[in-house]
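Asker: Read off the chains here:
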Amino acid sequence: MATPESLAQSEYKYGFVTDIEEETAPRGLTEDTIRWISAKKNEPEFMLEWRLRAFKHFMTLVEKHQEPKWANVHYPAIDFANGVYYAAPKKTPASLEDVDAEILSTYEKLGIPLEEQKRLAGVAVDAVFDSVSVATTFKETLGKQGIIFGSFADAVQEHPDLIKKYLGSVVPYTDNFYAALNAAVFSDGSFCYIPKGVRCPLELSTYFRINAAESGQFERTLLIADEGSYVSYLEGCSAPMRDTNQLHAAVVELVAMENAEIKYSTIQNWYPGDENGVGGIFNFVTKRAKAAGNNSKISWTQVETGSAITWKYPSVLLQGDNSIGEFYSVALTRGYQQADTGTKMTHLGANTRSKIISKGISAGHGSNTYRGLVKVMPKAANARNFTQCDSLLIGDQCGAHTVPYVEVQNSTAHLEHEAFTSKVSEEQLFYCRQRGMSSEDANSLIINGFCKEVFQQLPFEFAVEATRLLEVSLEGSVG
Amino acid sequence: MLEIRNLTASVGGVQVLNGINLSIQPGTVHAIMGPNGSGKSTLSNVLAGHPQYTVNSGEALLDGVDLLSMPPEERARAGIFLCFQHPVEIPGVRMDHFMRAGYNAIHKSRGLDEADPIQFDRMLKETSKIVEIDPTLLKRSVNDGFSGGEKKRNEILQMAMLAPKLSILDEPDSGLDVDSLRIVAEGINQLRSPDKAVVLITHYQRILHYVVPDVVNVLINGRIVKSGGEELAAEIEANGYEGLDQALHPSS
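For the record, the sequence lines run as chains A and X.
Each residue of the first sequence is one higher than the one before, starting from 1 at the first, in the numbering used here.
Each residue of the second sequence is one higher than the one before, starting from 1 at the first, in the numbering used here.
It is possible that part of the hints are untrue.
Covered by chain A, according to a simulated footprint, are these stretches of chain X (three or more residues, beta-carbon under 8 Å) [to be verified]:
no. : segment
1   : 48-58
2   : 64-73
3   : 112-123
Derived EDC-like pairs: lysine to aspartate or glutamate, alpha-carbon spacing no greater than 16 Å straight-line [as the list claims (entries may be wrong)]:
no. : chain 1 : residue 1 : chain 2 : residue 2
4   : A       : K423      : X       : D179
5   : A       : K452      : X       : D144
6   : A       : K139      : A       : D154
7   : X       : K108      : A       : D441
8   : X       : K151      : X       : D179
9   : A       : K423      : A       : D396
10  : X       : K139      : A       : E453
11  : A       : K91       : A       : D19
Computed beta-carbon distance windows for the label pairs [to be verified]:
no. : chain 1 : residue 1 : chain 2 : residue 2 : range
12  : X       : L191      : A       : H417      : 45 to 51 Å
13  : X       : K139      : A       : K64       : 52 to 58 Å
14  : X       : A163      : A       : K13       : 37 to 43 Å
By construction, these hints were calculated from the structure, which means they are not laboratory data.
We put the beta carbon where it would ideally sit given N, CA and C, even for glycine.
Starting from the given sequences, assemble the full structure and let the hints guide the process.
Answerer: So this is what it looks like as structure tokens:
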């Protein structure tokens, strides 16, 4: 029978490499690297200037050794001066028809066919391959309603006014170490603008694929929902199996205007490393949303099953009165994976509400930390927060930690916090097996039950995908 | 149907069953009565294959097949059902989904058709009448927030859905008020049939007024010390277990 140790051997299905010629930036991180990337993207002057300011700031942080050390994760020092910060397929397609067949088949293998006749119904996809967006589906359909959806690089060319206005408005490059690095070297990502009063008719989705062996991936997503609009957005990601660590330092900024709603879901499945903890992605990501307008709503849902290390706190600035922020998370660590993840809910406006549901699952030698901050500012009268963070342990070599911070500066605030840690109990397993279920089925039933409140938030197709991913990840994990 | 021979078993390093012999025929209801700590629950857990219990010696054959070497799920698929004394809660897993997962696992193992959610829902609605359970209760998480009576009735409902060969009911009467007791007992009676057998474990005679047993076995100190007809239960009710204990240790 399987043991907790054997779980790390469960297969990572997405570990293949696409054989394709890529162009990379010269190794190293200097002002020239930044200029090289900006020139490569043919960027307007304001972008280059912004990058250079970010680069300068980043270098001062490096000099002062300001790399964040507070998270409950452990890894060898990253040699930033010696990295590769850009990699892209040599051929740049003019349209979807020109996309390299190897790349198309890569996405097909990942379950995201890009060709017109095979596309997922109801989902528009922007496919990001290493440092560039290679294709966006349903662009014209969306365009008819005034929705802008496509690569960040295209948006810089076609909508510089929007970029100028919103880039860095939620996550300034001074925010933190990795946000500064990203601002300096980011190469592409997705951009989305939903006009006033438009309810986006499709799920929007970006799929990030790291392929190149040595480069990091630094993408940036900017999503703006104008007054009274609605959008549901999903991102997925994966990477080949390699025995060196690769850095993924992304920034996501969301802005919701008055009465607008953004639902942002992530299924994170970067390569987690092998059973001995060798290789895997370092996923150091800054995600923040501004519920800028009154009655706006932001909902983050994340299912984190991949990466060697996850360092990520999708947060909401609740600026508008009556605005709502939600965070639903399932984080699974197995093998030697480490996750330090959670959220920050900053209540600025009156009658703002936030809800945090975090489910951590630890197996093998995995380490799982929930870290969250609920901050109520002086003007946020009648702010409300409900936090629930639960941990599930599988085996006796893993760990779960909960680190909630609370800062309240308004006495009308109402905060609730619940937390519990449990094991999949022998009694629960026996009950299921006595009814005829196999040990594996019993475990997956119990674990899915544990994650239910989060999975319910995902769009249907992706809830199925998340359930399956969890099953595959935990295959043979419990004896 | 079930043959138990010289079965000894331990839990937590302590031997609790000290040589059980029992032969159960199809179509019969066997009551097993005994004082606290006599090994009643151990017997039911050992037969169902609870991993915390260790069999030291002896055998248990279901229709001639060695039961004790099978993992719990295979025993369930072979037709063993345990009505739990304290059914566990499973947060986030809907009761009807749980039941369908078990039903389909058993059907699949026998090469029978699995039920889709709509078919299963229909069967469940019909069957739940037997134990007078409100079907909306089955949309809640497994045993979560169920009252004592609801838990027991729900166990009998599962028994009805799975139609086992041999049902082992571990104190299905404990903690029930008169109305619930009657409903549970009537449910059990409806499920009696010539090709099925029931082992009814109880501390009190009370339920045996409703479910009339074919055989009453008295379990003391991990051994069956006496077997008889339903009149044996009345004797215990009147005199307690003490005289029977003497039968086991005539020298003391």
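Asker: Look at each hint and say if it fits the structure.
Answerer: Hint by hint, here is what the structure shows:
1. Residues of the segment 48-58 of chain X lying with their CB closer than 8 Å to a CB of chain A number 5, which satisfies the three-residue condition for coverage.
2. For a cut-off of 8 Å, the count of residues in the segment 64-73 of chain X with a CB near a CB of chain A stands at 3, and the three-residue condition holds.
3. Coverage of the segment 112-123 of chain X by chain A is violated in this model, with 0 residues showing a Cβ closer than 8 Å to a Cβ of that chain against a need of three.
4. Restraint check for K423/A and D179/X: not satisfied, since their Cα atoms lie roughly 36 Å apart, outside the 16 Å limit.
5. This hinted pair checks out: K452/A and D144/X have alpha carbons roughly 15 Å apart, not beyond 16 Å.
6. With a CA separation close to 12 Å, the supplied pair K139/A and D154/A stays within the 16 Å bound.
7. Proximity of K108/X to D441/A is assessed by CA-CA distance (about 13 Å); at most 16 Å being required, the pair is judged to hold.
8. As the CA atoms of K151/X and D179/X are separated by approximately 14 Å, the hinted pair is consistent with the 16 Å bound.
9. In summary, the hint linking K423/A to D396/A is supported, as the alpha carbons are separated by about 10 Å, within the 16 Å threshold.
10. About 15 Å separates the Cα atoms of K139/X and E453/A, which keeps this hinted pair within 16 Å; it holds.
11. A hinted pair counts as satisfied when its Cα atoms are at most 16 Å apart, and K91/A with D19/A qualifies at roughly 13 Å.
12. For the pair L191/X and H417/A, the supplied restraint of 45 to 51 Å holds, since their beta-carbon distance comes to about 47 Å.
13. Here the CB-CB span from K139/X to K64/A is close to 57 Å, well matched to the stated 52 to 58 Å.
14. For A163/X and K13/A, the Cβ-Cβ distance of about 39 Å falls inside the hinted range of 37 to 43 Å, so the restraint holds.
When the structure is compared with the earlier hints, violations turn up for hints 3 and 4 and for no others.
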